[in-house]
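Working from the sequences, and respecting the hints, build out all of it.
Chains as they are written, first to last, in this note's numbering: chain X, 1 to 352; chain H, 353 to 704; chain A, 705 to 1056; chain C, 1057 to 1408.
For the record, the hints were derived by calculation from the structure and aren't laboratory data.
Possibly wrong hints are sitting among the right ones.
[Said to hold, decoys possible] As a list, the in silico EDC-like pairs of lysine to aspartate or glutamate whose alpha-carbon atoms are at most 20 Å apart:
hint	chain 1	residue 1	chain 2	residue 2
1	A	K1008	A	D1022
2	X	K304	H	D364
3	C	K1360	A	D748
4	A	K1008	C	D1071
5	H	K422	C	E1064
6	C	K1360	A	D1022
7	C	K1360	A	D750
8	H	K656	X	D15
9	X	K304	H	E654
10	A	K774	C	D1102
11	X	K304	H	D396
12	X	K304	H	E401
13	H	K656	X	D231
14	A	K774	X	E8
15	C	K1126	C	E1271
16	H	K656	X	D61
17	X	K70	X	E216
18	X	K70	X	D44
19	H	K656	X	D12
20	X	K304	H	D367
21	C	K1360	A	D765
22	X	K304	H	E496
23	X	K304	H	D445
24	C	K1126	H	D367
25	X	K70	A	E712
26	H	K422	H	E401
27	H	K656	X	E13
28	H	K656	X	D44
29	A	K1008	C	E1069
30	A	K1008	C	D1117
31	C	K1360	A	D716
32	C	K1360	A	E812
33	A	K1008	C	D1102
34	H	K656	X	E49
35	A	K1008	A	E812
36	A	K1008	C	E1271
Below are the chains, spelled out letter by letter.
4 protein chains.
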Amino acid sequence: MVVVMAPEATQDEIDAIVGLVRSAGGDAFVSRGVTRTIVGLVGDVDAFEALNLRSRAGVLDAVRISVPYKLISREHHAARSVISVGGVPIGPDTLTVIAGPCAVESPEQTLAAARMAQAAGASLLRGGAFKPRTSPYAYQGLGEAGLRVLADVRAETGLPVVTEVIDAAGVDLVASYADMLQVGTRNMHNFALLQAVGAAGRPVLLKRGFGATVEEWLMAAEYIAQRGNLDIVLCERGIRTFETATRNTLDISAVPLAQRLSHLPVIVDPSHSGGRRELVLPLTRAALAVGADGVMIDVHPEPKRALCDGDQALVDGDIEDIATAIGVLAPLMGRVLTRPAARDGVGAAVAP
Amino acid sequence: MVVVMAPEATQDEIDAIVGLVRSAGGDAFVSRGVTRTIVGLVGDVDAFEALNLRSRAGVLDAVRISVPYKLISREHHAARSVISVGGVPIGPDTLTVIAGPCAVESPEQTLAAARMAQAAGASLLRGGAFKPRTSPYAYQGLGEAGLRVLADVRAETGLPVVTEVIDAAGVDLVASYADMLQVGTRNMHNFALLQAVGAAGRPVLLKRGFGATVEEWLMAAEYIAQRGNLDIVLCERGIRTFETATRNTLDISAVPLAQRLSHLPVIVDPSHSGGRRELVLPLTRAALAVGADGVMIDVHPEPKRALCDGDQALVDGDIEDIATAIGVLAPLMGRVLTRPAARDGVGAAVAP
Amino acid sequence: MVVVMAPEATQDEIDAIVGLVRSAGGDAFVSRGVTRTIVGLVGDVDAFEALNLRSRAGVLDAVRISVPYKLISREHHAARSVISVGGVPIGPDTLTVIAGPCAVESPEQTLAAARMAQAAGASLLRGGAFKPRTSPYAYQGLGEAGLRVLADVRAETGLPVVTEVIDAAGVDLVASYADMLQVGTRNMHNFALLQAVGAAGRPVLLKRGFGATVEEWLMAAEYIAQRGNLDIVLCERGIRTFETATRNTLDISAVPLAQRLSHLPVIVDPSHSGGRRELVLPLTRAALAVGADGVMIDVHPEPKRALCDGDQALVDGDIEDIATAIGVLAPLMGRVLTRPAARDGVGAAVAP
Amino acid sequence: MVVVMAPEATQDEIDAIVGLVRSAGGDAFVSRGVTRTIVGLVGDVDAFEALNLRSRAGVLDAVRISVPYKLISREHHAARSVISVGGVPIGPDTLTVIAGPCAVESPEQTLAAARMAQAAGASLLRGGAFKPRTSPYAYQGLGEAGLRVLADVRAETGLPVVTEVIDAAGVDLVASYADMLQVGTRNMHNFALLQAVGAAGRPVLLKRGFGATVEEWLMAAEYIAQRGNLDIVLCERGIRTFETATRNTLDISAVPLAQRLSHLPVIVDPSHSGGRRELVLPLTRAALAVGADGVMIDVHPEPKRALCDGDQALVDGDIEDIATAIGVLAPLMGRVLTRPAARDGVGAAVAP
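Listed below in structure tokens is the structure:
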């Protein structure tokens, strides 16, 4: 942290800052300039923040320079992590496709979507049993019945299950069915939920809040990590901007950026960011080429009848294009497409 | 809802849309133009949304024209509502000031802040016992001990208490101490929490999400209302934009806009939007002049020692300026400054 | 400027930075911390920027701390400026209303609008002869014929004229008719135009770009000032955000902020920011209460026939409300409403 | 265009709308619903806009449904265009790399950068002689001397030249040296400049304004086209959002979107959007994979000494990585990497 003193700051005011920092267990170094004096701080930045240095007499500004997250930071953990989900790895040497319906509607629809997911190259099945919807009058999901459907489809297809949790109180129930817990974009700042999934003993898929900076996204991951769970996968899904031609603006630069700041894997959701079916294929290619560790895609056997986000779901005719793009781009990026673990429980990452 | 057909749409495709709408219990009217045909829909818009009309053959777009919230809409409830909090009214004829410390730190600090709040003209005391913080390493609040402090200060000062709930599981505990439950900006999309406060039997202060549109904010209020609780006050507190000179951008236009769309009272938080002490007074004046039904202000007896948001808290020297501004602007806007209810429990709105 | 060295920076790399800064005529102070070293720079920041310090070996970041504008900065000119437009002052002790039609359409319409402007309390007439429109197919203005209309209406009413320039080549022509040159929001970054109005010998009204930060707005003013013209008035008119319920989001906080950073007057355009007639009155009140030095308002005798922005123009019935609000709020803010200069050319600021 | 009447609209008000539309040469179709009536309009939308229908009695809203640009729209020109720049094609079957220094500083630096550009696979040389800078104190370019340097380097290397115009008055001068005129992000709304390049007889590279929607970007292209110049290439270069970790947010989705709405080629600038050297390679890969028709990249022989944007310029060591990525991805996307035309003036697109 660097404290910038006001031009008119007195020697006593500068001394007061130095004294405060030292009393908080840190050290301070004073640089006197012609018009300003700068105080460099060394030590625990959180302790310094608690001193409210910006409000002190003679202080113009205080600038943080160290990253505010630790456990998930690459500064302290240079190697990129591999997270295992039901035996399927997500990490720097593989490409993992997660696919499935936005919402679980019925056993038949979910199984059909899972078959589409497999055809697209997926090794993990996504599907929502609890849906956080903007309108209280929109479809809210099947609840536990939906979790049972997902478990049945997993038994049938061998695909481990990723599904959303929307409330701290429901984490244990969802964790008893799912292989990976998804925290959605609207809940990225739901700290009680972050803490609950941090203690749930399951890997977590943490979507970026559509109004959250990359730093806040990493801080949310730190909340989970702080409860002892470092099995976290970050998912970029678009941010809210002034542009209205797409549902959200996919922040493709956030992928290499987050990979540089954190050791956690980073995947992309090209379905929700664009919100339009015809954008899913080009955005999937862009995600793979930018270096994402995986993608998460909406598929639906009959999008016209979908109870949630049908506008963006891929249909049968699109699946082959996606599979081809993935098959070509994965090796080009030095990655092996993952496959679901064999029934005897051993995970695998093999060429398609 | 209006369905816009593609230029190349066939008669069969148009007929199919009409048939779908009628099968969903609605009615459809076809307008044929030279290059396009438009179908106007009458009936239950949510039922139409479930038809996924945008994905149907021959459809270019489908545009909603009716507001998607009902219980809180002014369309169905033209008179603006008055909400009573511990006997203190918030509504169109009064001006209500809520003030207090961002976080409850100690009995002494809270009582001193409450006295400042009273001096500023406040009739309600705010203070956080549970704090949602971006960093897991930041101060998280005193928890239930903080609630007890608030209750004690209420007993001492007569000021009803507004405090934040951050998790559905904690709503009953907070409701047992507080006169009004605050849902914070990061939780505006936490639907489990919205439903819980909807059933808690206490008025709710709903802050706008910093990444949420006015429509989404009203939809969040609808979630609460749908559980039977219409005692909701909306609070504009700034949105996230590209401008970095202020913490957030106070969307002052949202106040008259929300008052026009909903019958609920709308107040402004000038402390969190600007994030700078010197902006609190001008933004308070702007809020009153734009027609807000109240303001919520951070005060702290010693901002330099504040454990949360000290940069924006008012200090003793500012209080008189705020009280003067409120005293002058309230009557100008045709409003009476509210006072806390007398101890016998009868609320009152009287001139200062 | 502060240079933050990377944790692994060597002594040679640190010495290299110090040497570079000194060779550029500055001085550098090194603060060694446990994990990082910080170099504080004193001297000409622009010279330092040219050194590209961020790209140097061992450098993590370089942070500017001094404001990048000088002539318009309040740091070097503490008293707030008063700008005179055809004898009408705009400054800290007065309140100046600029009103008129968005576009000059005919002599009759312009004169009728000028009479409405006077009734609303205006002492300056606005009206566009050259209109920058997003669509090449939209109405582009009357050109020089429109300037002549404005001059005629000025002769008739005594109201000095504010009108827009949209191209450096057209500045001299417009300056030969107008009392004040307006640079519109889409041209705030048109540096050739800024330089041309800087040399035109007329006061300038500089609207904030809807995508520009407060700092960039002030830098645009610095471009004008650098050509020797310090008669600049800043106009906040709303920024582009994710909110679509209003045309733009009025950044009301930018008013006190810009007044604190620059000595130039700051006014507000409540018509273009909201883009809705019913928001003009509340936003005007908010602008006055936040401390703006003036407002600029669209009026039109027949908004339904307006060729430009009719949706936001005030009509006769609104004028009285605006005049009342201004009459009440001006003295409350310690300001005198300005009046046009008498025909003998002496400006005046008198109570209404 | 669709007009939505208010619930309380009378028959007379509806008839008035129909009459107005017919008097403007259009036709109107009325759909009566239970709570609302909708009027569908057929005819010239610009004529309808001039009627100010939103302000008419009984009208709730008026929604445009037809695209507001025509000449560049794909609706009327289904085949995607190929633009030729000094014999080098930019279009759907090729991949064109434009590279060079942000600013022309000297003959030696420009020639060295051009050699780097060639090594990276470039067939067009970029370089700024006139620089639009946010600060009046920053380096503004060499002016005409810089244009002569570019022409000399073109003679030496055979690379046609792309360079920026910043003022309508300077277009002829720049056009006398350059093969393609670049309109920068800050000038996208400078309509006088758009009209001037529309008449200059040279192909135009139109960068998207960082605060502009895709629709406004296309409208700016329409301004150029309306003057008779359809040789326009669109360049996505990042938009301004709340995210501060990157200079701008590359809106990668805008590429397929603009290609779908317009027949013009679309390229990407990965240097300015990220603003960080380490993001250029991943964003270049993403741009190619999403389907861009080309990329424009900053290179500099000595970024540490660059007078403009040195932080983002590629250096020698990066060039090979870029060339490899382009060489692999172009054929994968079904494209041939373009080469400069032979000296006898015949352009060519051949495999590398």
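Status of each hint after checking the structure:
1. A/K1008 to A/D1022: Given that 20 Å is the threshold and the Cα spacing comes to 15 Å, the pair holds.
2. X/K304 to H/D364: holds, 17 Å
3. C/K1360 to A/D748: holds, 18 Å
4. A/K1008 to C/D1071: Given that 20 Å is the threshold and the Cα spacing comes to 16 Å, the pair holds.
5. H/K422 to C/E1064: holds, 18 Å
6. C/K1360 to A/D1022: violated, 59 Å
7. C/K1360 to A/D750: holds, 15 Å
8. H/K656 to X/D15: holds, 16 Å
9. X/K304 to H/E654: The hint is violated at about 60 Å.
10. A/K774 to C/D1102: Distance of about 46 Å is beyond 20 Å: violated.
11. X/K304 to H/D396: The given pair, whose Cα atoms are some 18 Å apart, holds under the 20 Å limit.
12. X/K304 to H/E401: The hint holds at about 11 Å.
13. H/K656 to X/D231: Outside the cut-off at roughly 39 Å; violated.
14. A/K774 to X/E8: holds, 18 Å
15. C/K1126 to C/E1271: holds, 12 Å
16. H/K656 to X/D61: Within the cut-off at roughly 14 Å; holds.
17. X/K70 to X/E216: The hint holds at about 13 Å.
18. X/K70 to X/D44: Roughly 12 Å separates the two Cα atoms, so the pair holds.
19. H/K656 to X/D12: Since the Cα atoms of H/K656 and X/D12 sit roughly 17 Å apart, the hinted pair holds (cutoff 20 Å).
20. X/K304 to H/D367: Distance of about 16 Å is within 20 Å: holds.
21. C/K1360 to A/D765: holds, 14 Å
22. X/K304 to H/E496: violated, 50 Å
23. X/K304 to H/D445: violated, 49 Å
24. C/K1126 to H/D367: Roughly 30 Å between the alpha carbons, so the hint for C/K1126 and H/D367 is violated.
25. X/K70 to A/E712: holds, 18 Å
26. H/K422 to H/E401: Cα-Cα ~16 Å, so holds.
27. H/K656 to X/E13: holds, 14 Å
28. H/K656 to X/D44: holds, 18 Å
29. A/K1008 to C/E1069: Holds: A/K1008 and C/E1069 sit about 14 Å apart, inside 20 Å.
30. A/K1008 to C/D1117: Answer holds: A/K1008 to C/D1117 is near 14 Å, not above 20 Å.
31. C/K1360 to A/D716: Cα-Cα ~17 Å, so holds.
32. C/K1360 to A/E812: Given that 20 Å is the threshold and the Cα spacing comes to 62 Å, the pair is violated.
33. A/K1008 to C/D1102: holds, 15 Å
34. H/K656 to X/E49: holds, 11 Å
35. A/K1008 to A/E812: holds, 16 Å
36. A/K1008 to C/E1271: Outside the cut-off at roughly 26 Å; violated.
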